[in-house]
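Enquirer: Spelled out, the chains give:
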Amino acid sequence: MRFSGEWIVVIIMFIVCAFFYALISAADPRSTQFPLLMLVLMLSIGALKIIAQILEKKQLTNGGERYPFFRVSFIIAAIALYIVAMDYIGFYTASFVFFLASTLALQNVPHTPRVIAMRAGLGLTLCASLYLLFTVLLKVQIPKGIFM
Amino acid sequence: MLEMLEHFNQLLSFGNMAVLLLGSVAGIFFGAMPGLSPTMAVALLVPFTFYMQPATGLILLGCVYTSAVAGGAISAVLINIPGAPASIATMLDGNPMAKQGRAQEALYIAFFASLLGGLAGVLALIFLTPPLAAFAMKFGPSELFWISVFGISIIAGLSSGALLKGLFGGALGMMISTIGYSPMFGEPRFVFHDVLLSGIAIVPALIGLFAVPQVLTLVEELYIVATKADYRPRPGLIASTVAMFLRWKRTVTLGSLLGITIGIIPGAGGQVAGLITYDQVKKLSKDPCSFGKGNPEGISASETANSATVGAALIPLLTLGIPGSPTAAVLLGGLLIHGLFPGPDLFTKYADVTYTFIGGMFIAQFIMCGMGILFSRYSQAVMNIPNLIMFPAVTILAVIGTYCVQNSMDDVVIMFVLGLLMYLGQKLGFPSAPVVLGIILGPIAEENFLRGMMIAQTDVGAFSYFFTGGLNLLLIALSAISLLWGVIGDLQYRRRMKYAHPAGAAQLSST
Chain A
10 MRFSGEWIVV IIMFIVCAFF YALISAADPR STQFPLLMLV LMLSIGALKI
60 IAQILEKKQL TNGGERYPFF RVSFIIAAIA LYIVAMDYIG FYTASFVFFL
110 ASTLALQNVP HTPRVIAMRA GLGLTLCASL YLLFTVLLKV QIPKGIFM
Chain B
639 MLEMLEHFNQ LLSFGNMAVL LLGSVAGIFF GAMPGLSPTM AVALLVPFTF
689 YMQPATGLIL LGCVYTSAVA GGAISAVLIN IPGAPASIAT MLDGNPMAKQ
739 GRAQEALYIA FFASLLGGLA GVLALIFLTP PLAAFAMKFG PSELFWISVF
789 GISIIAGLSS GALLKGLFGG ALGMMISTIG YSPMFGEPRF VFHDVLLSGI
839 AIVPALIGLF AVPQVLTLVE ELYIVATKAD YRPRPGLIAS TVAMFLRWKR
889 TVTLGSLLGI TIGIIPGAGG QVAGLITYDQ VKKLSKDPCS FGKGNPEGIS
939 ASETANSATV GAALIPLLTL GIPGSPTAAV LLGGLLIHGL FPGPDLFTKY
989 ADVTYTFIGG MFIAQFIMCG MGILFSRYSQ AVMNIPNLIM FPAVTILAVI
1039 GTYCVQNSMD DVVIMFVLGL LMYLGQKLGF PSAPVVLGII LGPIAEENFL
1089 RGMMIAQTDV GAFSYFFTGG LNLLLIALSA ISLLWGVIGD LQYRRRMKYA
1139 HPAGAAQLSS T
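Listed in order, the protein sequences are those of chains A and B. Residue 10 is where the first sequence starts when you use the numbering used here, and the numbers rise one by one after that. Residue 639 is where the second sequence starts when you use the numbering used here, and the numbers rise one by one after that.
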């Protein structure tokens, strides 16, 4: 039997179950009746998955296309930074900077002044539309920070 | 019907009309963009409805749902990529028509068919919902518990090739929904960080689980450019399109009936209805060979059926709390954030909201058709928007949409973390719809399970209470059948994949 991605799925299923089990055992038993029922269900499904994996005859790994790891990681980090920065510099400023930085960093054409100006214009239009919708029309409270 | 007419004045308010117009444009836009699904469109808009009257908010969501399903035809016709899963069958004849220089005709047919199918679905919603809601009054805690189980089993069972992962996702969603204080005993559970003290709210979960993975997928496919068809506008097409539909009475009737029937069956969805109707119309046609080569009747079959499922999918949602599709599951979230619970109360206590919403869905069909026909002239421009611009815009909307419901950065963090975990889960083959449905139905299931247990302890015992009685047995049988259906579907999916990709049958081990 070859070790495939599906066995990783099985392992993850049981890690999730173990995680919740550890937390259930620390909680009040009366309030964990339903979570316990769900845990039993999840463990049963995990067990069925093991049986299905054993019965599975062919398990080849798929080569597939090259995964753009750095591009996706960069954006995950950028979104995390955007969320953190929003509280300090304000929603509209952070959104504009996020829009401009992420589109410029990931584009595959040269960074000419015209392209930068176009992106900045788009970012400003987006932020202005959001300002009209959220602040003017819906009067929603937004993270302000030191700018806005 | 009479109740609906009583609330017609409320429906015709300026706010509702504006929302119908904007919702149609937004829905068509989301539907036309191949990377943005109707489910994500509705999920992103749920927070906006928080600041609206319940009826107006629901009209917005319903209108976006309807228009996004219809708008999926635009990319299916012009670039051979279904904008919504429901438009798969539309592609078969729509794109060949576009290649023949008949893109405008194909889009006009798609929107007229969507109008007729959508109206049929809403009429079914108007006439079938009240009796079903009256029937739901017979349900006690045990039946409501089994209904939640049934809902999960259906959505999980339709996770093509990933039945066990779908079921695991559903159970995990229910587990996640228990984070925070126990509704009965007030004790905290799974609170390993202060952020989790108030539990996981519906909006951060909806947006995180649907939008964040889709944003990251847009980033993955950043530089993919689809080949676009040439769109040449021609005058006088509306009259000829209407004339065509007068000849296609059988196709429209069949599409509407199949769409309604399949839409009512929770989980079956627009793509199933579209494909089945397309197949039936092709079989009944005198010239079946012309299908797949640009036969406009094929588009009308698919679009009538998939739009008929929209109204029909709301029937089990409004009466029993079982969403007919993942998008309907998100709409359920929209109901819940306004404190509206599916069931008989919606038609008695909150009749003004419900009937205004249903009336709004009726009018939405006409606005969707009109806007769709107008919009189809500019659809090329919309589809030229690159993923590079779309992903930061969607991210910003997701963040502010999550924040503004409770003015809480904690919710934004929860949304992002859940989204990242779901993205990893999707890479391993876990579908997001069952997890979302688990989070939505979890509190209903838990409350009714605990209430049932309390009744059982003082009465007949847990086994007798939950496993006997006609309705309980019916719901258990339906859950079992839906799982069996899922197993059969899984096996068929594997067989299809094996024939389609003999060398890569590997991936089929995603049970």
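Among these hints, one or two may not hold up.
Selected chain A positions facing chain B (in silico; Cβ < 10 Å) [what the hints assert, rightly or not]: (1) ILE21; (2) LEU50; (3) GLY55; (4) TYR76; (5) SER104; (6) PHE107; (7) LEU133; (8) LEU141; (9) VAL145; (10) LYS148; (11) PHE156.
Some chain B residues flagged as far from chain A (calculated, every beta-carbon gap over 10 Å) [to be verified]: (12) GLU644; (13) VAL663; (14) LEU757; (15) PRO769; (16) ALA809; (17) THR816; (18) ARG827; (19) ILE876; (20) TYR988; (21) PRO1030; (22) VAL1037; (23) MET1091.
Quick caveat, the hints were computed from the structure, so don't treat them as lab data. None of these values were measured; they are calculated from a predicted model. Note that the Cβ used here is the ideal one computed from N, Cα and C, for glycine as well.
Enquirer: Check each numbered hint against the structure and report the violated ones by number, ascending.
Expert: 7, 8, 9, 11, 16, 17, 18, 21, 22, 23
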